[in-house]
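Enquirer: Protein sequence lines correspond, in order, to chains F and L.
Using this note's numbering, the letters of the first sequence map in sequence onto residues 1 to 283.
Using this note's numbering, the letters of the second sequence map in sequence onto residues 1001 to 1160.
Among the hints, erroneous ones may be present.
What the hints assert, rightly or not - Restricting the straight-line Cα-Cα distance to at most 20 Å, the calculated cross-link-like pairs of lysine to any residue (SDA-like) are: (1) L:LYS1086 x F:SER44; (2) F:LYS257 x L:LYS1046; (3) L:LYS1086 x F:TYR256; (4) L:LYS1086 x F:ASN261; (5) F:LYS208 x L:ILE1140; (6) F:LYS257 x L:LYS1019; (7) F:LYS257 x L:PHE1070; (8) F:LYS257 x L:VAL1057; (9) L:LYS1046 x F:ARG108; (10) F:LYS193 x L:ASN1139; (11) L:LYS1019 x F:LYS193; (12) L:LYS1086 x F:SER186.
Bear in mind the hints are in silico, worked out from the structure with no lab data behind them.
Take a look at the letters that make up each chain.
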Amino acid sequence: MRRDGSMKHLFKPHIVKWLWMFLIVLLVIKVLWFVVLVLWLPASGFNYAQEKGGKALYYRVKLSPNKAPAPTIKKKEPQVVAGSIKDIKLLAIYHASDVTVVTVEHKRKTKVLGRGDVISGFMLESAGHNYATFNKNEKMYKVPLLVNTKGSTGIRSHKPSVQSTPTTKVEGEVVDAGDHKIIDKSLISHYAKNIDDIYKNIGIKEIKKGKSLEGFSISFIRKGSPFAKLGLKRGDTIKSINGQKIDSYNAAFGVYKDIGNIENLSLVIQRGKEEMELEYEVN
Amino acid sequence: MVIWLALVILMPKEELYYKLEETLHSQEIALNEEVIDEGLFGLSLKNVSVYVKGINVANIEEVNLFTILFYSYIEVKGLRIDDSLKTMVPQETQKAVLEHSVMAPFSVSVEAEGSFGTMDGKIDLNERKVHLDFNESKNIAMLKPQLKKNEKGWVYETSF
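Throw the hints in and build the complete structure from the sequences for me.
Expert: This is the structure we're talking about:
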């Protein structure tokens, strides 16, 4: 009798009812969430498989006869090989898009040279913001501007023209050295730090096949900009940079991340039906 | 109360997070996390790598997502932007919190502190506008082209 009484106390009908109600609510909600899960929610997450793409299986070796094999060696030539270039001291530079004039000191005599003028067998080719390039026997020599402690380092007046970039001042030049071009390192550094300036001078658009990205092409290029001087043209498709196939943002960004450390740049582009390789030396 | 509790506790939080990942993926944003810890009222993600168009743009030590339906927040701890982007955006964010409450259903409040100093503001979901005030601003030189200055300091405004 006592056991029956305690059982009655434990399972009061209204408690049992509430318990059932609670369990039913839990069950209904669980079923609801289960339906949502089955119908709309994915069973597993999306994890991006990172491309390890980084380094290209490619090294630039110059095989043309009678020439130094690697541009890195070429870079050191002005100091090591050609002693006489040391006799030329660059005192001042006037460099604009249409005219290049430099003042040099050679054997204690000051001379003003225009593009194409020759001094001691070295022909003035071009100039950057703080250097001039000379050519002798098909070799390029870079002479740095002497820093004048008394005042200005030179004329260095970039004519304010229509072409001048309205934003940050871009220093450095792209110099044509015949079979390849020389890009001033300061130019690379500038664009590496000011990505916005890149898009003011060059437009890149995606090439897509359906939804998948296949590569990039040039949609516009600003006339007279360093990018135009690289030899790129509107409509060119960028196939690879230093052997790295450019078919994803990651690949393109990988190149951008390393751009400050490169010494040579090889660009494979498709222009119409023709595939072209453009060679650059970063100096 | 029971229904609300059951809804929150029995919510398939991990799968809802996968849905968020799927939505972000359609915008070419991917989150790779090492650990997902599901709690009663939320989810915790550890060591999250953020990819945009396949580029690893940031890494986050911890992300906490919390909801009790009428109040939710996302807390981001130890966000570090990739070195290559440090010239464009502040690199370190120690903590950032985004809060949403049913009291202001069309507004998400934002608070953050990092190498840029401290910042607060709100996202207006109705007008689709973002307004952020940089208080005690420190290293924000790279952001200044996008900021406006007012009497309180630097302000970032955009619409989406």
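Enquirer: Tell me if the straight-line CA distance from LYS257 of chain F to VAL1057 of chain L falls inside 20 Å.
Expert: 12 Å, holds
Enquirer: Verify the proposed pairing of LYS1046 of chain L with ARG108 of chain F, using a straight-line Cα cut of 20 Å.
Expert: 69 Å, violated
Enquirer: With the threshold set at 20 Å, check whether the alpha-carbon distance from LYS257 of chain F to LYS1019 of chain L stays at or below it.
Expert: 32 Å, violated
Enquirer: Taken at face value, is the distance from the CA of ASN1139 of chain L to the CA of LYS193 of chain F at most 20 Å?
Expert: Roughly 16 Å separates the two Cα atoms, so the pair holds.
Enquirer: Within a Cα-Cα threshold of 20 Å, do LYS1019 of chain L and LYS193 of chain F meet the stated pairing?
Expert: 37 Å, violated
Enquirer: Please verify whether LYS257 of chain F and PHE1070 of chain L have alpha carbons no more than 20 Å apart.
Expert: Violated. LYS257 of chain F to PHE1070 of chain L sits at ~44 Å, over the 20 Å cutoff.
Enquirer: Holds or violated: LYS1086 of chain L and ASN261 of chain F, Cα atoms, limit 20 Å.
Expert: 17 Å, holds
Enquirer: Between the alpha carbons of LYS257 of chain F and LYS1046 of chain L, is the straight-line distance 20 Å or under?
Expert: Cα-Cα ~26 Å, so violated.
Enquirer: Given the proposed pairing of LYS208 of chain F with ILE1140 of chain L, does the C-alpha separation stay at or below 20 Å?
Expert: 36 Å, violated
Enquirer: Hey, LYS1086 of chain L versus TYR256 of chain F, does the alpha-carbon distance stay inside 20 Å?
Expert: It holds: about 13 Å lies between the C-alpha atoms, which stays within 20 Å.
Enquirer: Does LYS1086 of chain L pair with SER44 of chain F here, judged by a C-alpha cut-off of 20 Å?
Expert: 33 Å, violated
Enquirer: Hint check: LYS1086 of chain L vs SER186 of chain F, CA-CA at most 20 Å. Holds or violated?
Expert: OK: LYS1086 of chain L and SER186 of chain F at ~19 Å, within 20 Å.
This entry does not satisfy hints 1, 2, 5, 6, 7, 9, 11, going by the numbered hints stated previously.
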